[in-house]
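Student: Listed below, chain by chain, are the residues.
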Amino acid sequence: MTLAPTRPSAPMPPIESGPSEPPLWRRILPTPKFLTLGVVTLIIAYLAIVPLYYLFWGTFFDASGFTLDGFKRAYGNDQIFDLVGNSLWFAVGAAALSLVLGTGLAYLQVRTDVPFKALFFAASIIPLVIPGILYTIAWILLGSPDIGLLNHYLEPIFGRAVLDVFSIWGMIWVEGLQLSPIVFLLMVASFRAMDPSLEESALMSGASRWTVFRKVTIPLARPAIVAAILIMVVRSLESFEVPALLGLQNGIYVFTSRIYFVLRDYPPDLSAAGALAVGLLVLAIIGVIISNYAGRASKNYQTVTGKGFRPRPMELGRWRPVAGLLIVGYFLLTVVAPLLVLLYTSLLKFYAPPSKDTFSTMTLDNYRQLAHTSSALTALKNSLILGVASATLVMAVMAVAAWIVVRSQIRGRKVLDALAFMPLVVPGLVMGLALSFVYLRSPIPIYGTLFILLISYCTRYLPYGMRYAVTSMQQISNELEESALVNGASWWQTFRRVLLPLLMPGVVAGWIYILVVSFRELSSSILLYSPGNEVLSILIFEQFENGQFTVLSALGVVMVLTLVLLVTIAYKLGARVGLKQD
Amino acid sequence: MLEVQNLVKSYDGDRQKRKRGSEPSSNGTPPQRVFAVNDISFSVKPGELFTLLGPSGCGKSTTLRSVAGLETPDSGTVSVGERVLFAAGGSVTKKVNVPANKRGLGMVFQSYAIWPHMTVFENVAFPLRVRPRSQRPGKREITERVDRVLETMELLQYADRQATKLSGGQQQRLALARAIVIEPSLLLLDEPLSNLDAKLRESLRFELKRLQRELGITSIYVTHDQIEALSLSSNIAVMRAGEVVQLGKPRDIYENPRSKFVAEFIGTSNFIDGTVASSEGDLHVVETRDGRLILESGAHMPVGTEVIVSIRPESVQLTTERPIGVENVWEGNVTTRAFLGDAVDHVIAVGKHEIRARCLPHVSHAPGSSVFLQMDATKLALVPVD
Chain R
1 MTLAPTRPSA
11 PMPPIESGPS
21 EPPLWRRILP
31 TPKFLTLGVV
41 TLIIAYLAIV
51 PLYYLFWGTF
61 FDASGFTLDG
71 FKRAYGNDQI
81 FDLVGNSLWF
91 AVGAAALSLV
101 LGTGLAYLQV
111 RTDVPFKALF
121 FAASIIPLVI
131 PGILYTIAWI
141 LLGSPDIGLL
151 NHYLEPIFGR
161 AVLDVFSIWG
171 MIWVEGLQLS
181 PIVFLLMVAS
191 FRAMDPSLEE
201 SALMSGASRW
211 TVFRKVTIPL
221 ARPAIVAAIL
231 IMVVRSLESF
241 EVPALLGLQN
251 GIYVFTSRIY
261 FVLRDYPPDL
271 SAAGALAVGL
281 LVLAIIGVII
291 SNYAGRASKN
301 YQTVTGKGFR
311 PRPMELGRWR
321 PVAGLLIVGY
331 FLLTVVAPLL
341 VLLYTSLLKF
351 YAPPSKDTFS
361 TMTLDNYRQL
371 AHTSSALTAL
381 KNSLILGVAS
391 ATLVMAVMAV
401 AAWIVVRSQI
411 RGRKVLDALA
421 FMPLVVPGLV
431 MGLALSFVYL
441 RSPIPIYGTL
451 FILLISYCTR
461 YLPYGMRYAV
471 TSMQQISNEL
481 EESALVNGAS
491 WWQTFRRVLL
501 PLLMPGVVAG
511 WIYILVVSFR
521 ELSSSILLYS
531 PGNEVLSILI
541 FEQFENGQFT
551 VLSALGVVMV
561 LTLVLLVTIA
571 YKLGARVGLK
581 QD
Chain D
1 MLEVQNLVKS
11 YDGDRQKRKR
21 GSEPSSNGTP
31 PQRVFAVNDI
41 SFSVKPGELF
51 TLLGPSGCGK
61 STTLRSVAGL
71 ETPDSGTVSV
81 GERVLFAAGG
91 SVTKKVNVPA
101 NKRGLGMVFQ
111 SYAIWPHMTV
121 FENVAFPLRV
131 RPRSQRPGKR
141 EITERVDRVL
151 ETMELLQYAD
161 RQATKLSGGQ
171 QQRLALARAI
181 VIEPSLLLLD
191 EPLSNLDAKL
201 RESLRFELKR
211 LQRELGITSI
221 YVTHDQIEAL
231 SLSSNIAVMR
241 AGEVVQLGKP
251 RDIYENPRSK
261 FVAEFIGTSN
271 FIDGTVASSE
281 GDLHVVETRD
291 GRLILESGAH
301 MPVGTEVIVS
311 IRPESVQLTT
321 ERPIGVENVW
331 EGNVTTRAFL
341 GDAVDHVIAV
351 GKHEIRARCL
361 PHVSHAPGSS
371 VFLQMDATKL
381 ALVPVD
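Here the protein sequences come in this chain order: R and D. FYI, my numbering numbers position 145 of the first sequence as 145, with every residue one higher than the one before it. FYI, my numbering numbers position 265 of the second sequence as 265, with every residue one higher than the one before it.
Chain D on its own, in the form it takes in the complex (with noise of 0.2 Å):
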C-alpha cells in the first residue's frame, strides 16, 4: 500500500540555529546538516495501522509530513499503491513531486486545525467542495456524503454549530471526519490524541481503533506515547534520531527489545548488565554480579559478550518462601512499596542492584523484609550494551 524508501531529509543546521535565537556561529565554518529523517524505509500493508513512535524530535513528524507532501524530502521515494507521490530523481530517474493538494490524502493535525469560521458541516464539507470541476459531487452529493460522516462520528446534531463550540473530544472527531470525508486512500494521524486530557485519551483511543477496523483505512499514526502505539497498531517503528532502530508488532517490540533505547522507551524496564557465559541456541545464561540468569532469546550472543539484561517490573514475582524447582531465583529487601491503586509496586534491593516489580494488588511486603525474586525464563529480554 504505502511505501517509503531510503527517505532523507536534512535542514542547514546554521539557520535552525539562528532561529532559535542562539548566538550566530562564528563565519567561516560550513553550515552543519541537521538530519531530521536519516535513510528510512517502511512499508504498510493495506488496512494497516502503521505507528511511527519516538521521542520528540525523532523525525516521525518529519516523515509524516513528507508521506503527505507537506515537506520535501533530499531523497528518497514516497508511493501510494503504484502511484509514486515523490522521488528524488536521479541521473536515470525523473524527479516526481505531487505537491500535497494533489495527493488525495486525509490528515488530522495535532492541533485539529478546525477552521474556525465555519460550523461543523462546511468544516467537513470543505475537501469535497475544493475538488476540480470535473471530480466535485453535486450539491445533494456532498450534503449526504458529509452527514453520514458525521453520523459516523456521532457528530450530526451539532452540524450547524460554530466548530469552535465543541469541547475537544468533538473537536478531534470532526477533525477526524473532515479527513475521511473524501475516503483517502490513506490516513494521517499526527499526534491525535495529544491535546486531550488523560480520560478522554483512553475512550477515544478505543473509539479511533473500532473506526479504523470498520471503515478499513490504511492509517499512519504518529505519536510519542507507547500505551496509544502499543493499544492501538498493527505494526509499531520506533524511531530515534531520524531512524527507525526497530520495527515490529506491539507485542514482540513489547517482550523483546533489541536495544536499551527501545525496552526504556516503551514500558519501564531493569537493566541488569552481565557478561554471557553460555548460550545454546536460544538459551543463554548470563553471569551478573549478583547470580546468573538463564534466559530466552532470539538475540543470539556469543560467549563473553558483554550485555544487558532487561526485565519488565511485571515479570518479576514476589514470594516470601523460596519458590522450588525453578530457574532464576533471587534473594532481596524490599526498599520502597508505592500503592497504585491497580497494582503494588515494589522496590527491591538485592545486592548491588534495585529491581522494580509490579505485583497484584493483593500482594504487598512491607518495606524492609526480605522476599523472593522469581523472573521467568521466556520474559527476559537481552539486548546489546549502546
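Isolated chain R, as found in the complex (with noise of 0.2 Å):
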C-alpha cells in the first residue's frame, strides 16, 4: 500500500455554512435524538442504579443513622462458617460435576465422529425448557429418600434410601446436571474454534492420542474452561430453587436460602437480609472479576487458529460403542427421566412408585382441575403478560442504547454499557429484595401489582437485551448509517428506516429469548408477588408447598409444553431471522 503523495498545501476553500440558520424554536426545543437518547439513558440508569442504591441504604442505614446491626445478626452466630462453607462448596462443587459433563461432551460432539449427535443438541435445550424449579421437583420424585423412585428401585439391590436427594451431594448432582449443557454450549463454540491441527501435528509428532488431549487439547481450551468453571460457580451461588427445595428440609443453609428464610420469618428481618445479599453480591462481583480477568489475561491463545480449517473428527474406533452408551445414558438421565417422573405424577390421582395399580387408576382429573382452577389460569396469563411486556420494553430500549453504545461519540458511553451489564451480576433473589427495599418505601403504590414485577425482569434482562442488539448493532456497517445520513436523511429517520430494520433479526431473537427466560423467573418473583398475583412459576412453588405433587406436576407439564412450543416458534422464526446461529 502506498500513500496517497499529499499535494503541496493547496489552500481548501472554506466550507460554506449551511443555507440558513435553524429557527430558535427549533434550537431551544430538544431535538428528537436528544430526546430518545436521553430518555433510554435514564431508564437504564433507574432501573441499574436505584434497586442497589436503596439495598445499600436499608442494610447500612436504619432510622439512627449508620449501622452494622444487619451484619451483626445475620453473621454473628457459628452458623456463618457453615453458611459460607456450604454455598462454596456447593457451588464450586456443582460448577466442576458440570464442567466435566459439559467438557466431556463438547469434545465428543465436535471432535470425534460419536453416535446419536442430534441428541446433544436436545439436550442442550433442556435449560431453556424445563425450568429449575420443575427440574429440581422431578429430581426429589426421583432422589428423595422417601418416595424417591430411584430409591424405590435401588431398595432391592443396596437397602433403604441409598440416594438422598435433601443433602449437599443431592443439591450439587442436581444443580450440577442442570447447568452442564450451559458448560457444553459455551466449549462446543471453544472447541470449535480451535484449529485441529493443532492437535494432528501433535499426533504426527508422535504422541497418543490421550497425551494429545493432555498437552495440547486441555491447556488450549484453559482460557474457556476458566471462564466457563467461574460463571457456573457464579450461577451456582445465585441459584435459588435447588438449595431452598433441597437445603431448607435439613438445614443446609446457603446464601440465597437463607436469606429467603430470613425474609419468610415474621416479622421479616429487612436489614439482616440485606447484609446476606451484599456477602453474595460481593462473592458474585469477585467471581465476574476474576473471569473478566481470566479472560483478558489469555485472549493471545485464541488469535493463532489458521485460516480456512475444515474440522474433521476423529475417529474413535472401538470406543465409540462406549461413547455412544454414555451419550444416552447422560440423556436418559438429564432429560428424559425428569420429564418422565412428572408426567407419570400429573396422571395420578396420589403418588405412588409404579405398579399395575397405578397405572390401571391412572387418570387425567388433575389437568380436568388445572383447567377450573383459577389460579392456574391467573398464573399463566400474568406470566404471558410479564414476559410479552418485558421482552418488549427492554428490546425496545436496547436497540437504542446499543446505538449509543456501539455508534455514538458520546463520552460515557460506556458507562451505559456497564450499567445495563451490572444486573447480571445481582442475583434475582437480591434483585427482589433490593426491589422491595425500594418501593415498600417509595410513594409510587405499585408494591404487591404485577408491575413491580415488570421492573424486576426487566432490570434483569437488561443485560441479555443488551448483547442481542450490540451484536446485531455491530454488525451493520457503518457506512449504511452514513450513507442515509449523506443522502438527507435526519438522525431519527436514519434509525427508524435505515438501522432498526436491519437490527430486526437481533431484536427479535432477543425478544424471543427473555420471553422464553422470563417463564421460568423465580427467584426474584418469590419477594414480589402478593397473593392472587401469582405467576407460574411461583404457583408451582406454592403447589410444593402444599405436597400438591400431582397438581404440581399435571401444571409441570402445560409449563413444558407451553416453554417447548415457545422455543419450537423461535427456532422457526430463526430459520428467518437468524436466532439460530448455531
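Possibly wrong hints are sitting among the right ones.
What the hints assert, rightly or not - A few chain D residues that face chain R, going by a derived Cβ cut-off under 10 Å, partial list only:
#1 Gly69
#2 Lys95
#3 Pro99
#4 Gly104
#5 Phe109
#6 Ile114
#7 Val181
#8 Ile182
#9 Ala277
Don't read these hints as lab results, they were simulated from the structure. Predicted, not measured: the structure shown is a model, and the values here were computed from it. Ideal Cβ positions, reconstructed from N, Cα and C, are used throughout, including at glycine.
Assembly of the complex is requested from the two constituent chains, each provided in isolation within its own frame, with the hints serving as guidance.
Tutor: In C-alpha cells, the structure reads:
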C-alpha cells in the first residue's frame, strides 16, 4: 500500500456554512435524537442503580444512622462458617460436575465421530424448556429417600434410601446436571474455534491420543474452561431453586436460601437479609471480575487459529459404542427421566411408585382440575403478560442503547454499557429484595402489583437485551448509516428506516429469548409477588409447599409444553430471522 | 522409498452436502459416493522432493493425509521402505493401519499448527518428549538436538520466546524444525508457504529447497502454486478430481503437457484448434484455421485427429520484418500491450485467434502495429481435445 502523495498545500476553500440558521424554537427544544437518547439513558440508569442504592441504604442505615446491626444479626453466630462453607462447597461442586460433563460432551460432539449427535442439542435445550423449579422437583420425585423412584428400584439391591437428594451431594448433583448444558454450549464454541491441525500435528509428532488431549487440547481450551468454571460458580451461588427445595429440608443453608429463610420469619428482618445479599453480591462480583481478568489474560491463545480449516472428526474406533452408551445414558438421566417422572406423576391420584395399580388408575383428573382452577389460569395469563411486556420493553430500549454504545461518540457511552450489564451480577433474590426496599418506601403504589414484577424482569433482562442488540448493531456497517445521513435523512429517519429494519433479526431473537427465560423466573418473583398475582413458577412453588405433587406435575407438564412451543416457534422463526447462529 | 498404490478414498456424498448446509437430499435415493482420491499410485525415491500439484479439491491434501495416517483410505496400500503403513487388506492379505502417531513421519501444516501455549524450544522438543519411554532420549540429548535444529533454522536466538510472538516466516521455519527434529524418514508438507505474503514466499522457497537438499530428507509437498511446484520439485504429480493426470519432471510437464488441463493449470498457454495433416515420427503438421503449424511432439496423433496446439507465450517471437528460413511464421496485429516490468505482454490478433506473446522488456510494439509471430517447432505441444 502506498499513500497518495500529499499535494503541496493548495489552500482549501472554506466550507460553506448551511443555507440558513435553523429557527429559534428548533434550537431551544431538544431534538428527537437528544430526547430519545436521554430517555433511554435515564431508564437504564434508573433500573440498574436505584435498587442497589436502596439495598445498600436499607442495609447500612436505620433510623439512627449508619449501622452494622444487620450484619451482626446475619453473620454474628456460629452458623456463618457453615453458611459460607456450604455456599462455596455447593457452588464449586456443581461447577465441577457441570464442567466435567459439559466439556466431555462438547469434545465428543465437536471432535469425534461419536454416534447420536442429534441428542446433544436436544439435551442442550433443556435449561430453556425445563425451569429450574420443575427440574428440582422432578429430582425430588426421583431421588427423595422416602418417595424417590430411583430409591424404590434400588432398594432390593442396596437397601433403603441409598440416594438422598436432600443433602449437599444431592444439591450438587441436581445443580450440576442442570448447568452442564450451558457448559456444553460454551465449550462447543471453544472447541470449534480451535484449529484441528494443532492436535493433528501433535499426533504426527508421535504423541498418543491421551497425551494430545492432556498436553495440547486441554491447555488450549484452558481460557474457556476457566471462564466456564467461574460463570458456573457464580450461577450456582445465585441459584435459588435447588438450595431452597433441597437444602432447607435438612437445614443446609447457602446464601440464597438463608436470605429467603430470614425474610419468611415474621417480622422479616430486612437489614439482616440485606447484609446477606450484600455478601452474596460481593462474592458474585469477585467471580465476575476474576473471570473477566482470566479472559483477558489468555486472549493471545485464541488468535492463532489458522484460516480455512475444516473440522475432521477423530475416529473413536472401538470406543465408539462406549461413547455412544455414555451419551444415551446422559440423555436419559438429564432429560428423559425428569420429564417422564413429571408426566407419570401428573396422571396419578396419589403419588406412588409405578405398579399395576397405579397404571390402571391413571387419570387426567389433575389436568381437568387445572382447567377449572382460576389461580392456574391467572398464573398462566400473568406469566404471558409479564414475558411479552418485559421482552418488548427491554428490546425497544436496548435497540437505542446499542446505538449509543456502538455508534455514537458521546462521552461516557461505555458507562451506559456497564450499567446495562450490572444486573447480570445481581442474583435474582437480591434483586427482588432490593426492589422491595425501593417500593416499600416509595410513594409509587406498585408494591404488590404486577408492575413491580415487570420492573424486576426488565431489570434482570437488561443485560441479555444489550447483548443481542449490541451484537447485531456491530454487524451493521457504519457506511449504511452514513450513506443515509449523506442522502439527507435525519438521525431519527436513519434510525427508523435503515438501522431498525437491519437490527430486527437480533431484536426478535432477543425478544424471544427474554420471553422464554421470563417464564422460568422464580428467585426475584418469590419476594415480590402477592397472593392473587402469582406467575406460573410461583404457583408451582406454592403447590410444592402444600405437597400437591400431582396437580403440580400436571401444571409442570403444561408449562414445559408451553415452553417447547415457544422455543420451537423461536427456532422456526430463527431460520428466517437468524436466531440460529449455531 | 514411499510407495502408494491404488489409493482410494471416498466420502458419503449425501453427508458432505448436509454439512455444507444445503438442503437435504430427498429420501429414498442411495447416498452418492464422492471420490476424493480415485485410484492413485506413485512412488517417491529417497532424497527426492515429490510434489502433488492441483487445484483445490483435487484430492492432493487427502492423499497426503492418507500417507500421514490422519485419514483412513478405503483401499490401496501405503508403504515407506519395507514398512507397510496402510493396507486395506483383502481375502488373503491382512488389514494394516498404523496410527498416525506410530508412523514416525514429519509433517508441516498449512496453518503451521504452532502450539501457542509453548515456547519455541518446547514446540520443537515436544516430538522427542512424547516418545515411548524406552526410545526417549535423555534431557541433555533433547536439548542438544533441539538446539541443533533451531540453529539450522536460524531460530536459536528465539528459543525461549513464546511461539506466537514469532513472525509468519519464523513460525513457518519453526513448524519445519518441529517436523524434522525426530529425523523422520519422510517429510510431509501441506501447502507450507500458502499463508505467507508473496515476497516472503519467494525467499522461503529457495530456503526450503536448500534445506531439503542439505538434509536429504525425502519429502512430499502439496501445493496449488505451480511456481512453487516447478521450482522445488524433483518430480510432480499433477492431480485433477482425485486422479493423477500427469507425472514427470517439472521441465517435462511444463514443456510437454499431455492435456489441455495441465497446459492451462501450469503456466499460461495459447490454444489453437486444428487437425493433424501429416505425422512422421515425432514431426507433425497441424492444419489450423489461420495457417499450418509444424511441430515436434512425442504425443503421436494419427492423421485426421482433431487436436489442440499449446503455445507458451514466451515461445512466441515477435518481429516487424518477416523472418526468413524458419517455419511457423504468422502475421497479425497487436491489439493490447502491457508492461510488466521484467517482460512485456502483447496480445496479437491473427485471423480469428488472439495469441498472447511474452517478450523481453526491450521489445515493444504499439497497439495497432502489424507484426510477425514465429513459433519454435520444438516448443509447441500437441494435446488431445477434451
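Student: Could you run down the list of hints and mark each one as holding or not?
Tutor: Hints, one by one, checked against the model:
{"no.": "1", "hint": "Gly69", "verdict": "8 Å, holds"}
{"no.": "2", "hint": "Lys95", "verdict": "13 Å, violated"}
{"no.": "3", "hint": "Pro99", "verdict": "8 Å, holds"}
{"no.": "4", "hint": "Gly104", "verdict": "7 Å, holds"}
{"no.": "5", "hint": "Phe109", "verdict": "4 Å, holds"}
{"no.": "6", "hint": "Ile114", "verdict": "7 Å, holds"}
{"no.": "7", "hint": "Val181", "verdict": "9 Å, holds"}
{"no.": "8", "hint": "Ile182", "verdict": "7 Å, holds"}
{"no.": "9", "hint": "Ala277", "verdict": "49 Å, violated"}
Checked against the numbered hints above, the structure violates hints 2, 9; every other hint is satisfied.
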